Structure formats: structure tokens, C-alpha cells
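Could you build the full structure based on these sequences and the hints that come with them?
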Amino acid sequence: MNEFDIDKLYLPYLKNYQQIVEEWPFGFPYPFPFPSVGIRSSDGRRHIEKIMQTLDKEFENFRADSKYLIAILFIQMLLFPILSAQGQGLIDVSNETLDEDIRSDLRTISDNAKDIQKNDGNQRISGHTVVSTIDRSWDQLNLGGKKKIWNDEGDKGPK
Numbered sequence: 006m007n008e009f010d011i012d013k014l015y016l017p018y019l020k021n022y023q024q025i026v027e028e029w030p031f032g033f034p035y036p037f038p039f040p041s042v043g044i045r046s047s048d049g050r051r052h053i054e055k056i057m058q059t060l061d062k063e064f065e066n067f068r069a070d071s072k073y074l075i076a077i078l079f080i081q082m083l084l085f086p087i088l089s090a091q092g093q094g095l096i097d098v099s100n101e102t103l104d105e106d107i108r109s110d111l112r113t114i115s116d117n118a119k120d121i122q123k124n125d126g127n128q129r130i131s132g133h134t135v136v137s138t139i140d141r142s143w144d145q146l147n148l149g150g151k152k153k154i155w156n157d158e159g160d161k162g163p164k
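Using the numbering used here, count along the sequence shown one by one with no gaps and you end on 164.
Hints listed in this document are in silico derivations from the structure and should not be mistaken for laboratory results.
It should be emphasised that the depicted structure is a prediction, and the values quoted were computed from it without experimental measurement.
Virtual Cβ for every residue (Gly too), placed ideally from N, Cα, C.
Check the hints yourself; a few may be wrong.
[As the list claims (entries may be wrong)] Simulated pairs of lysine to aspartate or glutamate, EDC-like, Cα-Cα distance not exceeding 20 Å:
(1) K119 with E54
(2) K119 with E63
(3) K55 with E105
(4) K119 with D97
(5) K119 with D48
(6) K55 with D104
(7) K13 with E65
(8) K151 with E101
(9) K20 with E65
(10) K20 with D61
(11) K20 with E54
(12) K55 with E65
(13) K62 with E105
(14) K55 with D140
(15) K123 with D106
(16) K123 with E65
(17) K20 with D10
(18) K62 with D106
(19) K62 with D97
(20) K119 with E65
(21) K20 with E63
(22) K62 with D125
(23) K62 with D144
(24) K151 with D125
(25) K62 with D116
(26) K13 with D61
(27) K151 with E65
(28) K13 with E54
(29) K123 with E63
(30) K55 with E101
(31) K151 with D140
(32) K55 with D10
(33) K151 with E105
(34) K55 with D106
[Unchecked claim] Derived Cβ-Cβ restraints for the label pairs, each shown as a range:
(35) L14 with M82: 34 to 44 Å
(36) H133 with E54: 20 to 30 Å
(37) W143 with S99: 18 to 28 Å
(38) Q81 with R112: 34 to 44 Å
Right, here's the structure in full:
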């Protein structure tokens, strides 16, 4: 297989995703099996903008595929479910705390990925490194295992 520039492949996806979230006031289908009840578009937009700004400013050594992966994971699999649960009264977390947790978790992922990168000898951080970093850092992440928001019972199934 020929080598190619991974950024050329993924940069259009990242830019397209940024455009979608910039135009978003929940104008696209909500991709989860639970309702988006109680999510205020202004709160969602503010959190999304902070995530995207952080990725643009503080993740210089990250390839486009890794930034795209982080954006999707944080927005689709963390932020939306948390905002939905917050709006339904299932969890009690303020928007300020959520902002702090997102910022802290992005910093933790960035720092830990850079450590892995140094050990691996790679120049730039890939999506694979991000997946490894999240797995290794789960208990350090506020929105991961640290605050026990999720049912981490794994194979035991739902309670």
C-alpha cells in the first residue's frame, strides 16, 4: 500500500464536522436512543465551541484524524448524553463544572497522548494513540471514570 498524507484525507472531515457544529442549534438528527429533552441549544453550542477551539489551539501535534476522533467522542458520546441527562434531571452538573471538566479532560488526553507519542517515537499523534490514551486515562477523566457518571459495570449489563 502506498503512503499518503493522513491530514489530506481527514482534514475535510474535520472541517465539515466543524461547519456542522457551527451551524447547529440541534438542526440535525439526534443520534441517540434517548431524547434530547431539556438541552438548550445555547448551552450545547457554547460547550461545542470550547471543544473545537481547544482542539484548534492546543492540539498542534495531533493529526487531523485524531482531532476528528476527539471531537466526535466528546460531542456525540459525552456532551450530548450529559446535557440530555442534565436536562431530564438525571444528573446534577452545572454548565460551569461541565466546562471545567471538558477543559481538564482535553488537557489530560493531550498531555497523556504526548507522553505516549514520545515513547513511541512518532512525530505526530494519531487517532490510534488517542484511543490508547483514553483507555489508559479513563479513571483520570472527569467525564470518564472519575465521577462515575457512566455505568462502568461493563459485561454485567444494565442495572
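These are the hints, each one checked on the structure:
Simply put, K119 and E54 have alpha-carbon atoms about 23 Å apart, too far for the 20 Å limit, and the pair is violated. Straight-line distance between C-alpha atoms of K119 and E63 comes to about 12 Å, which keeps the hinted pair within the 20 Å bound. For the hint linking K55 to E105, the alpha-carbon distance of about 10 Å falls within 20 Å, and the restraint holds. For the hint pairing K119 with D97, the CA-to-CA distance comes to about 33 Å; that exceeds 20 Å, so the pair is violated.
The hinted pair formed by K119 and D48 fails the criterion: a straight-line CA distance of about 30 Å is larger than 20 Å. Distance restraint check for K55 and D104: the Cα-Cα separation of roughly 8 Å lies within the 20 Å cut-off, and the hinted pair is therefore satisfied. Proposed proximity of K13 and E65 is supported: the alpha carbons are some 16 Å apart, at most 20 Å. The hinted pair formed by K151 and E101 meets the criterion: a straight-line CA distance of about 18 Å does not exceed 20 Å.
Between the alpha carbons of K20 and E65 the distance comes to roughly 15 Å, so the proposed pair stays at or under 20 Å and holds. Our distance criterion of 20 Å between C-alpha atoms is met by K20 and D61, whose separation comes to about 11 Å. Under the criterion of a C-alpha separation no larger than 20 Å, the hint pairing K20 with E54 is consistent with the structure, at around 13 Å. For the hint linking K55 to E65, the alpha-carbon distance of about 16 Å falls within 20 Å, and the restraint holds.
Of the pairs offered as hints, the one joining K62 and E105 holds, with about 17 Å between alpha carbons and a cut-off of 20 Å not exceeded. Restraint check: the Cα-Cα separation between K55 and D140 comes to about 23 Å, which exceeds 20 Å; the hinted pair is violated. Distance hint between K123 and D106 is unfulfilled; the C-alpha atoms sit about 26 Å from each other, more than 20 Å. This hinted pair checks out: K123 and E65 have alpha carbons roughly 15 Å apart, not beyond 20 Å.
Of the supplied pair hints, the one linking K20 and D10 holds, its CA atoms being roughly 16 Å apart against a limit of 20 Å. For the hint linking K62 to D106, the alpha-carbon distance of about 18 Å falls within 20 Å, and the restraint holds. A threshold of 20 Å between alpha carbons decides the hint, and for K62 with D97 the separation of about 30 Å lies outside it, so the pair is violated. Simply put, K119 and E65 have alpha-carbon atoms about 11 Å apart, close enough for the 20 Å limit, and the pair holds.
Between K20 and E63, the direct Cα distance comes to roughly 17 Å. Compliance with the 20 Å bound is thereby established for this hinted pair. Distance hint between K62 and D125 is unfulfilled; the C-alpha atoms sit about 24 Å from each other, more than 20 Å. The suggested pairing of K62 with D144 is violated, with an alpha-carbon distance near 25 Å, which exceeds 20 Å. With a C-alpha separation of about 27 Å, the suggested pairing of K151 with D125 is violated against the 20 Å cut-off.
A hinted pair counts as satisfied when its Cα atoms are at most 20 Å apart, and K62 with D116 qualifies at roughly 14 Å. Of the supplied pair hints, the one linking K13 and D61 holds, its CA atoms being roughly 16 Å apart against a limit of 20 Å. About 27 Å separates the Cα atoms of K151 and E65, which puts this hinted pair outside 20 Å; it is violated. Note on K13 and E54: the hinted pairing is violated, with a Cα-Cα distance of about 23 Å set against a maximum of 20 Å.
For a cut-off of 20 Å, the pair hint linking K123 to E63 stands: about 17 Å separates their Cα positions. For the suggested pair K55 and E101, the alpha carbons sit about 12 Å apart, so the restraint of at most 20 Å is met. Restraint check for K151 and D140: satisfied, since their Cα atoms lie roughly 13 Å apart, inside the 20 Å limit. Straight-line distance between C-alpha atoms of K55 and D10 comes to about 28 Å, which puts the hinted pair past the 20 Å bound.
Of the supplied pair hints, the one linking K151 and E105 holds, its CA atoms being roughly 14 Å apart against a limit of 20 Å. For the hint linking K55 to D106, the alpha-carbon distance of about 12 Å falls within 20 Å, and the restraint holds. The hint said 34 to 44 Å for the Cβ distance between L14 and M82, and at roughly 22 Å that hint is violated. H133 and E54 have their C-beta atoms about 27 Å apart, which keeps the hinted 20 to 30 Å range intact.
Taken as a hint, the range 18 to 28 Å holds for the pair W143 and S99, whose Cβ atoms sit roughly 23 Å apart. Between Q81 and R112 the Cβ separation comes to about 20 Å, which falls outside the hinted range of 34 to 44 Å.
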